[in-house]
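Chains as they are written, first to last, in my numbering: chain A, 278 to 389; chain B, 157 to 299.
Do not rely on the hints blindly, as some may be mistaken.
What the hints assert, rightly or not - If you want the ones that stay clear, here's a sample from chain A, every Cβ over 10 Å from chain B, calculated:
1) VAL279
2) VAL280
3) ALA286
4) GLY287
5) ILE290
6) GLU296
7) ARG308
8) ALA352
9) GLY358
10) ALA368
What the hints assert, rightly or not - Computed beta-carbon distance windows for the label pairs:
11) ARG348(A) with GLY222(B): 49 to 55 Å
12) GLY287(A) with THR283(B): 45 to 51 Å
13) GLY318(A) with VAL226(B): 48 to 54 Å
14) GLU267(B) with PRO303(A): 49 to 55 Å
As the list claims (entries may be wrong) - Just some of the chain B residues that point at chain A, by a computed CB distance under 7 Å:
15) PRO165
16) GLU166
17) VAL168
18) VAL194
19) SER197
20) GLU198
21) THR201
22) LEU256
23) GLY257
24) PHE260
Keep in mind that the hints were calculated from the coordinates and are not lab data. C-beta: ideal position from N, C-alpha, C; glycine also.
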Amino acid sequence: MVVTVERRAGAVIVRVTGEMDLPAAPLVRRRLQRAIAAAGGRTVVVDLTRVSFLDSSGLGVLLGGFKQCERWRRAMVVVAGDRIRSLLELAGIPRLMPVYRTLREALGTEKT
Amino acid sequence: MVLEIPSRPENVPLARLAVASFAAQMDFTVGELEEIKVAVSEAVTNSVLHAYEEPGRVRITATRDGGRLVVEVADWGRGIQDVDRARQAPFTTRPERMGLGFAFMESFMDEVLVESRPGQGTAVRMTKTPTRAGCGGCDHRQG
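Only chain B is shown next, with the shape it has when bound in the complex:
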């Protein structure tokens, strides 16, 4: 699934719902789908708030790699000067925010990779495997 949207706040719900709809075809629990929605919302929110002076493009890609979900959120904006520092919670450049975006992504996804080049853009790649995938087809459900 590929979705390209203008970096406007009102498009954030569309992005997370599109990824959640894609992920719902896999074996995620309702609780895990909610976690994916939060992680995608955080990544897209970062692009909307920080990437551009004027609205630019944000591309959201969701793919299935074997049994795991791979989500990539990319922009072509200003990039992050210091990725390591930005990933340390609470980090924010805006007083009205909590600086927990990356912390939420890391809490709710199995793996979060951030690639950013100042002046060229940022790509956040997140992966998650359904917990039910490892339980031999048992019927436990949660959330």
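Isolated chain A (complex conformation):
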């Protein structure tokens, strides 16, 4: 499992590759927390399009990120393909934050 963080003009992109489960959760949580802390006025974009497996441990990381963004008044959005998206929907994530199909679509929300 790999987490990369890319800073652009209006967004910080946290890209997760691999499985997002119990053993992966601590690293993803740490990287996401740091990215949110350093985001400033940028939108935090969590890109899950390369995630091959997601369960409630991974969803808990997203929820934690959302709560941190709420506290720090940051905007957070998620990008996910169909399979991961159906899990996000089952967990009610789209009620908390926008979920996009592509990174390009998500970056249309950048504050420039």
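With the hints as your guide, set chain B onto chain A.
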């Protein structure tokens, strides 16, 4: 198939992959195999997180009962005080978690039975029948 593992986070992927490999011999679609992996991951994660103070054992059993898959995840840990309450989503004893483990198991499997005795352990028994099993050998595939 019987797999007995120490209740450590790094063993959760092994458990779900072992069950998915067993289930792949049946007539499940790719999408259904993914659902089984999530359900097993949730059950094993519960044992890893909640059953023991120090790492104990988790036993995962997968069998074929006629046309259906039966998966049992058992531990010999502290048990669940109130199973009905634990099964109500969102229920969690940890703020960083969503409390959706049982909800996912119930969404993705046909039947989920939980037997738990405080101080003795918990066994989660889940069953699932391939959807293709009921379509008379038709060639529809999904996922």
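- Query: Can the hint on GLY257(B) be confirmed by a CB-to-CB distance to chain A that is less than 7 Å?
  - Reply: holds (5 Å)
- Message: Verify the CB-CB distance for GLY318(A) and VAL226(B) against the hinted window 48 to 54 Å.
- Response: holds (53 Å)
- Beyond 10 Å from every Cβ of chain B: is that where the Cβ of ALA352(A) lies? holds (21 Å)
- Is the nearest CB of chain B more than 10 Å from the CB of GLY287(A)? holds (29 Å)
- Task: Quick one: work out the minimum CB distance from ALA286(A) to chain B and report holds if it exceeds 10 Å, violated otherwise.
- Result: holds (31 Å)
- Please confirm whether VAL279(A) is truly not at the interface, meaning its C-beta sits more than 10 Å away from all C-beta atoms of chain B. Non-interface label on VAL279(A) holds, nearest chain B Cβ at 15 Å vs cutoff 10 Å.
- Is VAL280(A) truly not at the interface, in the sense that its beta carbon sits beyond 10 Å from all beta carbons of chain B? Given that every Cβ of chain B is farther than 10 Å from that of VAL280(A), nearest at about 17 Å, it holds.
- Item | Hint check for PRO303(A) and GLU267(B) - Cβ pair distance inside 49 to 55 Å | For GLU267(B) and PRO303(A) the Cβ distance comes to about 33 Å; the hint is violated.
- Task: Note whether the CB distance of GLY287(A) and THR283(B) lies within 45 to 51 Å or breaks it.
- Result: holds (49 Å)
- Could you check that no beta carbon of chain B comes within 10 Å of the beta carbon of ILE290(A)? Label holds. Min Cβ-Cβ 23 Å, cutoff 10 Å.
- Would you settle whether the hint for VAL168(B) is holds or violated, based on the nearest Cβ-Cβ distance to chain A being less than 7 Å? holds (5 Å)
- Message: For the restraint on VAL194(B), tell me whether the closest CB of chain A is nearer than 7 Å.
- Response: holds (5 Å)
Violated hints for the displayed structure, listed by number in ascending order: 6, 10 and 14.
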